[in-house]
Amino acid sequence: MERYYQPEIECASQEQIRAWQSERLVKQVQNVWENVPMYRKRMEEKGLTPADIQSVDDLRKLPFIDKDDLRDQYPYGLLARPLKDCVRIQSTSGTTGRRVVAFYTQHDLDLWEDCCARAIVAAGGTNEDVCHVCYGYGLFTGGPGLNGGSHKVGCLTLPMSSGNTERQIQFMTDLGSTILCCTPSYAAYLAESILERGVRDQIKLKAGIFGAEAWTEEMRHDIEEKLGIKAYDIYGLTEISGPGVSFECSEQTGMHVNEDHFIAEIINPKTGEVLPEGEKGELVFTSITKEAFPLIRYRTRDICVLSRKKCSCGRTHVKMSKPLGRSDDMLIVKGVNVFPSQIETVLMNQGYAANYQIIVDRVNNSDTIEVQVEMTPEMFSDSLGAVAKKEKELVSGLKAMLGIYANVKLVNPKSIARSEGKAVRVVDKRNLYK
Amino acid sequence: MTVKQISVFLENKPNKLAEFTACLSGQGIDLRAISVAEASDFGIVRIIVDDVYNAVTVLRDANYICSVTEVLAVEIRDEAGALARIIGVLGENGINVEYMYAITTGKKNMAYMIIRVNDNAKAHDAFEKHGIRTVCHSELLK
Chain A
-15 MERYYQPEIE CASQEQIRAW QSERLVKQVQ NVWENVPMYR KRMEEKGLTP ADIQSVDDLR
45 KLPFIDKDDL RDQYPYGLLA RPLKDCVRIQ STSGTTGRRV VAFYTQHDLD LWEDCCARAI
105 VAAGGTNEDV CHVCYGYGLF TGGPGLNGGS HKVGCLTLPM SSGNTERQIQ FMTDLGSTIL
165 CCTPSYAAYL AESILERGVR DQIKLKAGIF GAEAWTEEMR HDIEEKLGIK AYDIYGLTEI
225 SGPGVSFECS EQTGMHVNED HFIAEIINPK TGEVLPEGEK GELVFTSITK EAFPLIRYRT
285 RDICVLSRKK CSCGRTHVKM SKPLGRSDDM LIVKGVNVFP SQIETVLMNQ GYAANYQIIV
345 DRVNNSDTIE VQVEMTPEMF SDSLGAVAKK EKELVSGLKA MLGIYANVKL VNPKSIARSE
405 GKAVRVVDKR NLYK
Chain B
157 MTVKQISVFL ENKPNKLAEF TACLSGQGID LRAISVAEAS DFGIVRIIVD DVYNAVTVLR
217 DANYICSVTE VLAVEIRDEA GALARIIGVL GENGINVEYM YAITTGKKNM AYMIIRVNDN
277 AKAHDAFEKH GIRTVCHSEL LK
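So the protein lines, in turn, are chains A and B. Just so we're aligned, residue -15 is where the first sequence starts under my numbering, counting upward by one. Just so we're aligned, residue 157 is where the second sequence starts under my numbering, counting upward by one.
Hints are computed from structural coordinates only; laboratory data are not their basis. Heads up, the beta-carbon is just placed ideally off N, CA and C, and yes, glycines get one too. Some clues are possibly wrong.
[Said to hold, decoys possible] DEER-style ranges, computed between Cβ atoms:
#: 1; chain 1: B; residue 1: Lys285; chain 2: A; residue 2: Glu328; range: 48 to 58 Å
#: 2; chain 1: B; residue 1: Glu248; chain 2: A; residue 2: Ser177; range: 55 to 65 Å
#: 3; chain 1: B; residue 1: Ser294; chain 2: A; residue 2: Lys413; range: 49 to 59 Å
#: 4; chain 1: A; residue 1: Glu377; chain 2: B; residue 2: Ala174; range: 26 to 36 Å
#: 5; chain 1: A; residue 1: Lys293; chain 2: B; residue 2: Ala174; range: 51 to 61 Å
#: 6; chain 1: A; residue 1: Ala401; chain 2: B; residue 2: His286; range: 53 to 63 Å
#: 7; chain 1: B; residue 1: Ile243; chain 2: A; residue 2: Arg55; range: 58 to 68 Å
#: 8; chain 1: A; residue 1: Glu150; chain 2: B; residue 2: Asn274; range: 45 to 55 Å
#: 9; chain 1: A; residue 1: Ala337; chain 2: B; residue 2: Ser294; range: 30 to 40 Å
#: 10; chain 1: B; residue 1: Ala174; chain 2: A; residue 2: Thr157; range: 50 to 60 Å
[Claimed, not checked] Simulated crosslink set (PhoX-like; lysine-lysine; CA at most 25 Å straight-line):
#: 11; chain 1: B; residue 1: Lys169; chain 2: A; residue 2: Lys393
#: 12; chain 1: A; residue 1: Lys373; chain 2: B; residue 2: Lys169
#: 13; chain 1: A; residue 1: Lys30; chain 2: A; residue 2: Lys45
#: 14; chain 1: B; residue 1: Lys160; chain 2: B; residue 2: Lys298
#: 15; chain 1: A; residue 1: Lys376; chain 2: B; residue 2: Lys172
#: 16; chain 1: A; residue 1: Lys373; chain 2: B; residue 2: Lys172
#: 17; chain 1: A; residue 1: Lys393; chain 2: A; residue 2: Lys376
#: 18; chain 1: B; residue 1: Lys264; chain 2: B; residue 2: Lys160
#: 19; chain 1: B; residue 1: Lys172; chain 2: A; residue 2: Lys398
#: 20; chain 1: B; residue 1: Lys172; chain 2: A; residue 2: Lys393
#: 21; chain 1: B; residue 1: Lys160; chain 2: B; residue 2: Lys172
#: 22; chain 1: A; residue 1: Lys374; chain 2: B; residue 2: Lys172
Let's have the full structure, built from the sequences with the hints guiding it.
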């Protein structure tokens, strides 16, 4: 028997959802017109006023915004409320130069936590459950989002945060955790560790809610089998709110977008044209209930498909596929956003040539990243120690820029494969998007 | 008096050293001495050849990264205590040895130690004072 956190919303008719969206969009556009100079300027450039937006059908008239806009407006440029009304900030897992800060009023936090609560209930959560949250807490939205959702459902919440696997398993067995929330790669690692310690029969997990990075169906089956649970996907991004923008139901064939809060569109990433349902393209979100940090037609760069096919779970909100790729060159490694341009910057700063290759792989369900750099005469010296020291400096430089450890490998000049005269910068061996 | 050594960057993986030696042999380059030092994923190969300029040209054409370093070649007799004496002189004078390796000569009971130190001039003077002979590139090749 399917259960819902907010059945009257989650199972509302398509007409009702559209009516909510139209009403909220009109209000939101009026709001940003009045309170966010950038939106007003962009609308004026297109000859638009709020009067041109009468329903959700008019959404496509509005200009897009993207991550560069967020960066340009950092930190307060996109705030639609006075700071005194804001109670929280969260920030992207991203890194130097690309950090994005999102603001929340108490109302925003409530709605975000509702979205997470819907995901937990869809995964079978009730107030009888022990919800074990080992997403990172802090600026990262994973921990705070699921933590809040878990409270709303009434679960006993374990705010474990990430790391310290020994303690995770101890609490899991001692306190009988039933729902696990973390990244899929950490779930796979925990599963391995639980099997290694021979304590599988002492854990009571029944479900997992795994997100913040791409994962395959194979990985899902692996985790489900090892832990004896159902593994559900959850999607979100800090810019829009955090986890819970969409979530999987019992059917496990895509994630229901919380359409009463977020309008999803699929566009052609080259032309910006809105594509019909079922076509693959870039996912664009408009947050229609956000007070502090509303985004209108925000380009996620995730390539997805939307589907309005009737879902056996009874929910009526549109379903999005797992992201099938990116329309930019961003990589997500260990849950952290990595742009090749950041790696290039470090190489340039340290005097290396621009001939490099990034090899991303997944070893024992954990991401690895290796940067291969072609040696140059300037960087070379007769002393092994001096070359090894430069290599170490590069490792530290990358760690500072990316926030994660990247292995560095110095290779012979001209040894990095070039296709049609252009170097292949990224080799992702994980096959996450097949 | 010093000799010219060529240091070459090589990746530490199968066949790289084979490719390198094949490259030299293909151009008829005779090795007088070779030493291989390894870090985790790369290594430095140090060689001594007759015609340094030719060898460097060949290597650069083949896309190898290399550099030329002045190192000391010290005559050493094949007898107990000979090496200890040479190294002892460097130690007494506060000269640090970064690496060294040996090569044979055409002369009976005689070899050369190739030594890389932090101060060639100071080492040279110290050796001279103790009657230890260093040789130049052309003598090494005799």
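Results for each hint:
no.	hint	result
1	Lys285/B with Glu328/A: 48 to 58 Å	53 Å, holds
2	Glu248/B with Ser177/A: 55 to 65 Å	57 Å, holds
3	Ser294/B with Lys413/A: 49 to 59 Å	53 Å, holds
4	Glu377/A with Ala174/B: 26 to 36 Å	31 Å, holds
5	Lys293/A with Ala174/B: 51 to 61 Å	59 Å, holds
6	Ala401/A with His286/B: 53 to 63 Å	55 Å, holds
7	Ile243/B with Arg55/A: 58 to 68 Å	60 Å, holds
8	Glu150/A with Asn274/B: 45 to 55 Å	47 Å, holds
9	Ala337/A with Ser294/B: 30 to 40 Å	37 Å, holds
10	Ala174/B with Thr157/A: 50 to 60 Å	54 Å, holds
11	Lys169/B with Lys393/A	12 Å, holds
12	Lys373/A with Lys169/B	20 Å, holds
13	Lys30/A with Lys45/A	9 Å, holds
14	Lys160/B with Lys298/B	15 Å, holds
15	Lys376/A with Lys172/B	23 Å, holds
16	Lys373/A with Lys172/B	23 Å, holds
17	Lys393/A with Lys376/A	10 Å, holds
18	Lys264/B with Lys160/B	24 Å, holds
19	Lys172/B with Lys398/A	14 Å, holds
20	Lys172/B with Lys393/A	15 Å, holds
21	Lys160/B with Lys172/B	23 Å, holds
22	Lys374/A with Lys172/B	22 Å, holds
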